[in-house]
Amino acid sequence: MKHRITLYFVMLVTVWSSATASNADSALVEHTSLAMLTRSQAMLNPALHGTGFHSSFSQLALGIDMERQSKAFVLEKGTGFTLPYLTASTYHHLNDRMTVWGEASFTTGRQHHVTWNSTSDYDLLQPYILADTLGGDTRRERYAFSGGCAARLDKWSFGGEMNVRAEQEYRGHDPRMRGVVTDVTLSLGTGFQSKFCQLGLALTGNIYKQTNSVAFYREEGVIPEYQMTGLGTVYSRFSGDKRSIYYDGGGLTLRLHASHNGSTGLYGDASLSTHRYHRKLAEYNSMPLTDLYNEQAGTTIGWRKEGNQQRIAVFGHFNYQRRTGNEHIGGTSDARYFPVIAWLTMYKSGHIDTHVGALYGKHFWNLTMKAGYTTLTEEYVFPHRQMDVSHTYLTIVGQCFIRPTKKLLLTVDAQASMYINTHEKMSMPQANMEPIFIQLMQHKHEFSSASYTDLGAGVRADYAWKQSRFGLFAELGGGMTLCSAGEHQTSLHSSIGITF
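Residue 500, in the working numbering, is where the sequence shown stops; the numbers in between run on with no holes.
It should be emphasised that the hints constitute simulated quantities derived from the structure, not laboratory data.
From the three backbone atoms N, C-alpha and C, an ideal C-beta is built for every residue, glycine too.
Some hints could be false.
[As the list claims (entries may be wrong)] As a list, the in silico DSSO-like pairs of lysine-lysine whose alpha-carbon atoms are at most 30 Å apart:
#, residue 1, residue 2
1, Lys195, Lys362
2, Lys155, Lys195
3, Lys155, Lys305
4, Lys407, Lys348
5, Lys348, Lys406
6, Lys407, Lys362
7, Lys348, Lys280
[Stated by the list, open to error] If you anchor each label on the Cβ, the simulated ranges turn out as follows:
#, residue 1, residue 2, range
8, Leu344, Lys209, 24 to 30 Å
9, Ala215, Gln467, 56 to 62 Å
10, Tyr217, His423, 42 to 48 Å
11, His423, Glu220, 42 to 48 Å
12, Glu220, Leu60, 47 to 53 Å
13, Arg322, Cys197, 29 to 35 Å
14, Gly221, Ile301, 55 to 61 Å
15, Lys425, Arg218, 41 to 47 Å
16, Gln439, His488, 19 to 25 Å
17, Tyr217, Leu410, 48 to 54 Å
18, His488, Asn95, 47 to 53 Å
19, Ala474, Arg218, 41 to 47 Å
20, Leu410, His488, 24 to 30 Å
21, Ser494, Ser70, 20 to 26 Å
The whole structure should be built from the sequences, with the hints applied where relevant.
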């Protein structure tokens with residue numbers, strides 16, 4: 001899987017004084033400003049999210065996201081997607097002590113030319129997926145709901161948030177894959193604010209389930225379904241005609257925050273998480289096949305100075321993610337039941353992402369820059385396989401708000417990116433591999449170790465009705481990614497809606 005970090009660049013333009021902005025425009029700027037980057041991790045704590053914005057803001061949007069690749073960068077994700085969506089979100093202060101927020105969305109569309117993957121949520125569950133060589137387009141439907149509230153009591157604040165996602169992905173022709181997902185997340189948080197500092201603590205719990213199957217309606221077109229186990233390996237004993245599985249799992253995340261209470265000072269965020277996902281056959285008394293353990297640790301430390309006229313911040317970030325996979329060994333079958341007699345840790349991966357950055361802003365524009373390094377190591381124990389890739393990256397993100405008239409506000413951004421390979425290595429026992437798995441790993445290595453360059457631009461126009469809190473908006477953005485492997489990707493985003 002390619003881990004890509006985007007570099008943004010924007011031409012700064014002259015903007016009108018903030019004194020001409022309406023209350024609605026001020027809310028829009030606050031909720032979408034790039035300056036909120038330094039508070040993004042703290043806002044994952046629902047108690048701090050309730051005090052994160054001074055203004056209330058709501059939006060109803062109808063839009064579409066599109067992406068096309070000349071050749072799939074990641075075979076399991078396909079060559080792109082076409083996803084129209086409808087979403088409504090709100091953030092509202094009921095009074096000076098209570099805040100509520102929520103979002104509801106519906107997304108439907110297609111994932112194009114997916115191969116080597118018959119399972120939904122590939123990024124979450126890989127490498128333990130169901131796969132075949134034929135694939136094709138899939139249809140997707142996603143319903144997502146979230147809601148939260150926070151209350152402030154003197155120096156203390158308390159908050160909670162729930163997120164629910166129900167999704168299905170399916171194909172209307174052979175091989176007829178279907179994945180039905182239920183994903184529920186609950187977060188509880190508390191915060192403390194004194195004269196000198198702000199502290200935050202949050203705990204997030206998640207429950208995840210997926211039912212996954214593949215059917216063939218034409219007997220002459222049946223092909224094997226592989227129980228993938230990482231780096232081109234399969235669980236041979238239960239591959240072929242075992243096409244119904246399910247996943248269940250979840251985990252916990254702990255988040256900590258500390259910052260100086262004021263416009264100038266140090267801030268820091270840290271997170272620890274552990275999640276596990278079990279893959280089981282739908283037959284043989286739900287025999288367990290694999291267990292995936294996903295553990296993460298991250299921290300951000302920085303200094304910021306905030307004000308209406310000028311904003312400055314410097315920061316450093318480090319994140320480490322480890323994925324470990326166990327395979328269960330089944331004993332002799334007895335009346336359609338396979339006892340598990342042992343398990344072995346066969347798959348290991350580690351991903352490190354670290355960067356330093358700075359943010360600078362004045363009035364209605366902001367600019368941030370990051371320079372970093374990322375490395376991914378994957379290993380399969382026996383027969384031994386290994387793939388390592390490393391990249392350096394530089395990121396510049398810019399944003400500005402322009403007011404051509406009293407009723408019209410434009411949000412403009414442009415972007416460019418570079419993601420440069422610095423190291424790559426792959427070791428495979430090709431003499432003992434089938435040709436289709438050799439081709440799979442060659443493709444994975446080619447695009448994982450490639451370098452990438454991005455170009456893109458976007459503009460959003462908000463029109464405020466006179467003497468009304470309602471407004472209209474339209475948004476259009478696009479981009480292109482150039483890959484050193486000789487392929488490219490184009491993307492387009494468009495939406496219209498109302499704000500209030």
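The hints, checked one at a time:
1. Using a Cα cut-off of 30 Å, the hinted pair lysine 195 and lysine 362 holds, with the two alpha carbons roughly 27 Å apart.
2. Note on lysine 155 and lysine 195: the hinted pairing holds, with a Cα-Cα distance of about 9 Å set against a maximum of 30 Å.
3. Between lysine 155 and lysine 305 the alpha-carbon distance is near 23 Å, which keeps this suggested pair within the 30 Å criterion.
4. For the hint pairing lysine 407 with lysine 348, the CA-to-CA distance comes to about 56 Å; that exceeds 30 Å, so the pair is violated.
5. Straight-line distance between C-alpha atoms of lysine 348 and lysine 406 comes to about 57 Å, which puts the hinted pair past the 30 Å bound.
6. Taking the CA atoms of lysine 407 and lysine 362, the gap is near 22 Å; set against the 30 Å cutoff, the hint holds.
7. With a CA separation close to 20 Å, the supplied pair lysine 348 and lysine 280 stays within the 30 Å bound.
8. The supplied range of 24 to 30 Å is met by leucine 344 and lysine 209, whose beta-carbon atoms lie about 25 Å from each other.
9. Checked against the given bound of 56 to 62 Å, the beta carbons of alanine 215 and glutamine 467, roughly 59 Å apart, stay inside it.
10. Between tyrosine 217 and histidine 423 the Cβ separation comes to about 47 Å, which falls inside the hinted range of 42 to 48 Å.
11. Taken as a hint, the range 42 to 48 Å holds for the pair histidine 423 and glutamate 220, whose Cβ atoms sit roughly 47 Å apart.
12. For the hinted restraint 47 to 53 Å between glutamate 220 and leucine 60, the CB-CB distance of approximately 49 Å keeps it satisfied.
13. Distance hint check: the CB atoms of arginine 322 and cysteine 197 are about 32 Å apart, consistent with the given range 29 to 35 Å.
14. Under the hint 55 to 61 Å, the C-beta atoms of glycine 221 and isoleucine 301, about 56 Å apart, fit the expected range.
15. Between lysine 425 and arginine 218 the Cβ separation comes to about 43 Å, which falls inside the hinted range of 41 to 47 Å.
16. Under the hint 19 to 25 Å, the C-beta atoms of glutamine 439 and histidine 488, about 22 Å apart, fit the expected range.
17. Look at tyrosine 217 against leucine 410: about 52 Å separates their beta carbons, and that is inside 48 to 54 Å.
18. The hint said 47 to 53 Å for the Cβ distance between histidine 488 and asparagine 95, and at roughly 52 Å that hint holds.
19. Taking 41 to 47 Å as the suggested C-beta distance range, the pair alanine 474 and arginine 218 conforms, at roughly 46 Å.
20. Distance hint for leucine 410 and histidine 488: a CB-CB separation of about 29 Å, consistent with the stated range 24 to 30 Å.
21. Distance hint for serine 494 and serine 70: a CB-CB separation of about 22 Å, consistent with the stated range 20 to 26 Å.
When held up to the earlier numbered hints, the structure conflicts with 4, 5 and fits the remainder.
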